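Spelled out, the chains give:
There are 2 protein chains.
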Amino acid sequence: MKITCEQASLAKGVNIVSKAVPVRSTMPILECILIDASTNRITMTGNDMELGIETVVEGTIEERGVVALDAKFFAELIRKIPNAPVTIETDETWHTTITCEKTVVRVPGKSGEDFAYIPVIPRNNPVVISQMGLRDLIRQTTFAAALNNNNKLMTGEYMEIVDSRLKAVTLDGNRIAIRNVVLGTEADDSACVVPVKALNEVGKILDGGADDLINIYFTENHVIFEFNDTTVVSRLIDGEYFKIDHMISSDFVTKMTCNKKALLDSIDRSTIMSREADKKPIVFRIEGQTLSMSIESIYGTMNEEMEVAKEGADMIIGFNPKYLIDALRVIDDEDITFYLLNTKSPAIIKDDEGNYTYVVLPINISVR
Amino acid sequence: MKITCEQASLAKGVNIVSKAVPVRSTMPILECILIDASTNRITMTGNDMELGIETVVEGTIEERGVVALDAKFFAELIRKIPNAPVTIETDETWHTTITCEKTVVRVPGKSGEDFAYIPVIPRNNPVVISQMGLRDLIRQTTFAAALNNNNKLMTGEYMEIVDSRLKAVTLDGNRIAIRNVVLGTEADDSACVVPVKALNEVGKILDGGADDLINIYFTENHVIFEFNDTTVVSRLIDGEYFKIDHMISSDFVTKMTCNKKALLDSIDRSTIMSREADKKPIVFRIEGQTLSMSIESIYGTMNEEMEVAKEGADMIIGFNPKYLIDALRVIDDEDITFYLLNTKSPAIIKDDEGNYTYVVLPINISVR
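Same order as they appear, the protein sequences are chains A and B.
Residues in the first sequence are numbered consecutively from 1, following the working numbering.
Residues in the second sequence are numbered consecutively from 369, following the working numbering.
In short, the hints are calculated from the structure, not lab data.
Take these hints with a grain of salt, some might be off.
Each computed EDC-like pair below joins lysine to aspartate or glutamate, with the alpha-carbon atoms no more than 20 Å apart [unchecked claim]:
id, chain 1, residue 1, chain 2, residue 2
1, B, 470, A, 268
2, A, 197, A, 89
3, A, 72, B, 636
4, B, 718, B, 431
5, A, 102, B, 664
6, A, 322, B, 444
7, A, 80, B, 673
8, A, 261, A, 326
9, A, 197, A, 207
10, A, 102, B, 469
11, A, 261, B, 469
12, A, 80, B, 636
13, B, 565, B, 694
14, B, 690, A, 50
15, B, 647, B, 675
16, A, 204, A, 50
17, A, 255, A, 305
18, A, 102, B, 540
19, B, 448, A, 207
20, B, 440, A, 31
21, B, 535, B, 721
So these bits of chain B aren't anywhere near chain A, every CB distance computed over 12 Å [unchecked claim]:
id, residue
22, 469
23, 476
24, 498
25, 618
With beta-carbon atoms standing in for the labels, derived distance ranges [what the hints assert, rightly or not]:
id, chain 1, residue 1, chain 2, residue 2, range
26, B, 636, A, 184, 43 to 51 Å
27, A, 262, B, 376, 16 to 24 Å
28, B, 472, A, 326, 35 to 43 Å
29, A, 366, B, 444, 23 to 31 Å
30, A, 296, B, 396, 18 to 26 Å
31, A, 290, B, 455, 41 to 49 Å
Note that this is a predicted model, so its numbers are computed, not measured.
Even for Gly, the Cβ is constructed at its ideal location relative to N, Cα and C.
Can you make the complete structure from the sequences, with help from the hints?
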């Protein structure tokens, strides 16, 4: 194989496919990036068997071929060489010579025979969404999934398409995040659970705006994201997702609307009082049109007060501050509304338009 | 005690004195910041018994007094409260109430009795240098000192004043860094060894430019830095510093001048080949007017070439790339000159004006 690409093109490609290269693997070939110039275009691929990413790299092919190079080493090299044309040439034993201006690097490569190409999957009607829309959706939901859990479904994001509306749900047993997006084009009804890890990597790669589109294909076992010159394939998580509808009651006795930023700043400050080790609740006292917040720990006490618009009964309820902060951070509205039923029922933060619903379980507090 | 200060003033003060607060200490009082409003001004102090920093904080004193507050907690609180006036009030048991707008925090404080104030030291003629000059000097020398060493002197920076010239020297057994600065005002001759840790903290606090001055006082056991509203006191390191003059030969057989940035970039790339575990030398081959650099490791080989201006003999010599990189990074000249004697004698990088001398010991290489 012999190809020549601009350093910037290689750097862009490496940056994208590295997201799917495992840091350590029992199969050393997976720690490689595959450079494939066996046809009339150059592609790079990374694959950890759960998530595979392939991207097209601009350049010229002088001699067709394939080589797999250690991903960490190759990425670092490409980052450090000058912004100039780079020639990558392999001999019959896959020893590879990388030349850029007066820098010449010789490294052993691998044949790529053992490399797991990303699966070729038949694609039906795509779900089309803007890159910005998907990036927002990912940012606004994945945080509420469980990072590691015996219940694999909790590490996934439920994606359901009904009547050309996409509904995305994550939960971890203490909270639920729900976002709804109206799709620009018609799409078939479907439902699946996508690993949150894959979505987060897609979110990092997407750099397009509201006008740049991404095609998503849901198949029986895989989800495929296609955008620009890049294809991301992830396995789906098997199993039936949680029935969330009956977890979210529409009953409430207290409705409280307040400025989001002021509330977020107050709760954020309260975390100074509570370190990881002792998760102290922040206690909301809603009396009249005033919300008092307090937190007590071995460090001392903190009290905050703010004006709110309240309808219904007064209420005292305690929360894990982190769960409130996570939800408030991803809501872009200026004002937000809480719906509360009692001290033990989940608090619901939602907008009137039905774009989002965030559910947070309260913490038991002994009211004095 | 009852004082009121702007959040920004408190944040600035906390940021400065925190540099002298140990993360963990067997004496819990040292993990505190002392707020002293016992006279007609407000000061904050941090002190780890080696390094003490005191700074004046603007504000109004309503009731005189002193309190010591947990530094980590107080710093985080001050950072997170709004940019508005902050009132700090203590009762007779040093319970402290911190109020800022609608935020009220109550924490236990300490009397400050056990707090080690920074020592009061008689000050003679100061050494006067610009803040920018000292900051540069610190950046350009401290890296070559040993971080931890049985020989305490290697963890210090030798500072010598002769004829109103300041000479600063650090070394770690593999390299030496020397900088010379002409002082703007007359100063008495003196010499001492300042802990590099103290200098690095001073370097972080100094925010003034070429016109802002700093006074340095050297006493028998301490060095004192006075600038803006801040005083930094550090113990000196006891003992006689190394005689460096006879380590630096003025003999050479090869003099090589080249572009600094191009050389630094080349050496920096070569480090991709050599991980921490196997410190492979970078081999310089100076032949005619060409410098070829090569490095070999289990990862492969890298070769680089650049044009240089050479006088004298051809030379092959190997270095630890890190030591060259450290020195080249802090030289601001466009071109640099190496003076080489043989493959086993230290390489010397110095300018004609005598502003700097960097010495790097070579690594033995088996020349093939």
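Exercise. Which earlier hints turn out false for this structure, listed by number in ascending order?
Worked result: Violated hints (numbers, rising): 2, 4, 10, 14, 15, 18, 19, 20, 22, 23, 28, 31; every other hint is consistent with the structure.
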